[in-house]
Amino acid sequence: MPLSEAMVFGLSGALMFAYLPFVKLGGMPIVAYRSLPKSIIKGLQKNLGITMKMQTFSQPQKGREALDTLLAQGKLVGAQTSVFWLPYFPEEMRFHFNAHNLIVYGQENGEYLISDPVFAAPVRCEVSALQKARFVKGVMAPKGLLYYPQKIPAAIDYATIIPKVIRKTAKRMLKTPVPIAGIRGIRALAGKIGKLEREDRRYAKLFLGHIVRMQEEIGTGGAGFRFIYASFLQEAGSLLDSALLRETSVMMTSVGDQWREFALMSVKAIRGKKSRSLDFSSLKMKLESVAEAEAAVYRKLLENRLG
Amino acid sequence: MEQRKVPQHNISTYANNKKAMYATDENGKYCVVASSGWDVEEAVTKQALRELQRLASEAHSRVSSGEASPLYYHMYARRMDPQILSESTGIYKWRIKRHFKPAVFAGLSEKIYRRYAEALGISIETLCKLPERVNSSAE
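Chains as they are written, first to last, in numbering that gives the first Met the number 0: chain A, 0 to 306; chain B, 0 to 138.
Just chain B, with the same shape it has in the complex (with noise of 0.2 Å):
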């Protein structure tokens, strides 16, 4: 890539930050050049992050009408699925997904709450509530 034509799309995925980028100037000689992004770039990252906030926002919707308990909703809204969530646990997917029931979510140890809310990085007070808004988010 020329470096005339590296980008400058101040992408809002760059929350202002740049990345460096390998270019060629006008010689066809390599130089680095600090790029605010290109729009294809901002169009794939906003894709995954909207598909996140729609499994979280299902998420929610399915733990408020009782059908999923709140690991549910905390698992997707931390961006992660039950795979990132086993291996980030060491529980098995099958153990996880029936922690998703409503009931047996209740009746789970301090124990295992613990290793949900450790993974997660939220509380255990957190982690058995439903927040009122979804929040697909790292903070």
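One chain only, chain A, in its complex shape (with noise of 0.2 Å):
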């Protein structure tokens, strides 16, 4: 059963948004792009009929031994860990991040040998090294997680389950009952730009450097994830032969451009000389306009048949 990156992360109902002010990572609030990866992978066994496997331990040698017994197997096992302690980062990259995720497939003269999604080329880690990573505490814990498909269908049934996790995606971005998830995330977090003024210079510029990080440094595809749900639209207009999800294709990319754009006014505020004061408020402008153009897919989304 031959998926996409882009099919998986858009039939998972992995995208979303989210805005936590009273979850702090580092000092700063964290501001997700999607869900995170247990949930993920919930989505995955929900709509697509995979089993999954997923395992978390209370004791890391537990942990070590599931993983250690699951490669001897053969398996390709899915882990998620911090991104500080993984040596094969490079040094600019490691920050206390809990929410990474890696494949291992294999063991080699104490090193795992391991598929990383933000690397071209496979890497080694030593074991206690992951060990380390995939045990760290805190905000987002990953205690040990590992997971690996267990039944696989033989075939999916685009049909039916694409109009129906688009549409799930679509009305939890648009309809959510929290202020601080999907399109109203967006707004309040253009609202907290809009106060920024009052806050400390340095804060300031800190936490608009935080969004464009969270943004474009964690993940894949670039934008928030945006991209990649574009693509998905595209693979799933094309497998369903429908002019709309093409259509809403090409609106989420604008949407991944108007983000980057949010990003590169956010970069320029923060270079700003001493004596110029920063420009809150079209940030945060700027950033209403890429809610209510990602609010317009969804809502195209919702009031349509699809396929």
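The reader is advised that the hints may include incorrect statements.
In silico DMTMM-like pairs for lysine to aspartate or glutamate, Cα to Cα no more than 20 Å straight-line [claimed, not checked]:
{"hint": "1", "chain 1": "A", "residue 1": "K191", "chain 2": "A", "residue 2": "E260"}
{"hint": "2", "chain 1": "B", "residue 1": "K28", "chain 2": "A", "residue 2": "D240"}
{"hint": "3", "chain 1": "A", "residue 1": "K23", "chain 2": "B", "residue 2": "D80"}
{"hint": "4", "chain 1": "B", "residue 1": "K28", "chain 2": "A", "residue 2": "E4"}
{"hint": "5", "chain 1": "B", "residue 1": "K4", "chain 2": "A", "residue 2": "E260"}
Quick caveat, the hints were computed from the structure, so don't treat them as lab data.
Both chains are given apart, each in its own frame, so use the hints to dock them into the complex.
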């Protein structure tokens, strides 16, 4: 069953937005553009009928034995880790971010063989280092999470699943009751930016930088996963021969481009001279227009029959 | 984003690595393009690194002037803050803050030292000393 990365991302219902002002990561609130690994996997199971085995461990030693056993059986195993404790990451990329994901595919001379989505080529990691990265504690702690497919269906009923999952994602983004999730979350973040004026200048600049990092540094494909989702919509459009899906793919691409324009504006503000005051209101307005453009995509998806 | 607009800025924070970007080709079809980085991303990564460096340097001078214990420096040198250190050791933040006092820190048990040393990925010997130079890094 060949599935593209974009297809897996889209059909797991992973796309989202959340701004959690009360959960701090290195002094900064969490800004997320996709769901947590665990819920992405659950989405895959539910939507695609893939049975995934997921395990977390209270004892690190048990977690290591489980991984080694699975590798000995020749399995490819997904694992959630911290970024900071992975020695193959360059110094410049090592931050305390705990929701990173990679695939372990073997073991050789006291090292794990790893395929890491951040790097084009396979990497190696000392056994003890991966162990530390898997069992770091704190916000979004991986608890040694391992996952691998147990049962894969022979065929997928795209005509049913695609419209269902897309509608669900659009609904969640558009009609959430929580004021910090989905489109409302983007607007809440824009509101916060508008109030940054009251904050210390250094904090305000770090806050803007933090949003851009969460958008571009974390994850796959750029602009906070909006491009990979646009790619999914396009592929779904071809599979179901739906002009509407192809059209929304183009719209979503433009949303991603606008997120990048927002990033560029933020960096210009960060770089601005000391003497110049920061223009928070234009940044706020830009982000509000991004929210509006993104909402338009979901509205279009909800208002029309898909496929 | 169009394929030809995918930035290839060879940014220093990628350390010669490339990341996959989703972009459209001349026919509007999505494809995966390897990017050597966007200077916007480089700017914000470097900003964050500079901030960590600043915190480590400030901590270093506070420890060297006897205002704070070596723990205070090592926490920032490992790119942590009291919250992350508390979560990774299981020690309450208020206790950690007490341990920032040189006199309190000097009298801690071997067990507590070990918990800190393990969370920071350094030896107890290193934990109890202040290095001559600031080193805010993962190594």
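Hint check results:
| no. | hint | in the structure |
| --- | --- | --- |
| 1 | K191/A x E260/A | holds, 19 Å |
| 2 | K28/B x D240/A | holds, 15 Å |
| 3 | K23/A x D80/B | holds, 11 Å |
| 4 | K28/B x E4/A | holds, 15 Å |
| 5 | K4/B x E260/A | holds, 13 Å |
Checked against the numbered hints listed earlier, the structure breaks none of them; every hint is satisfied.
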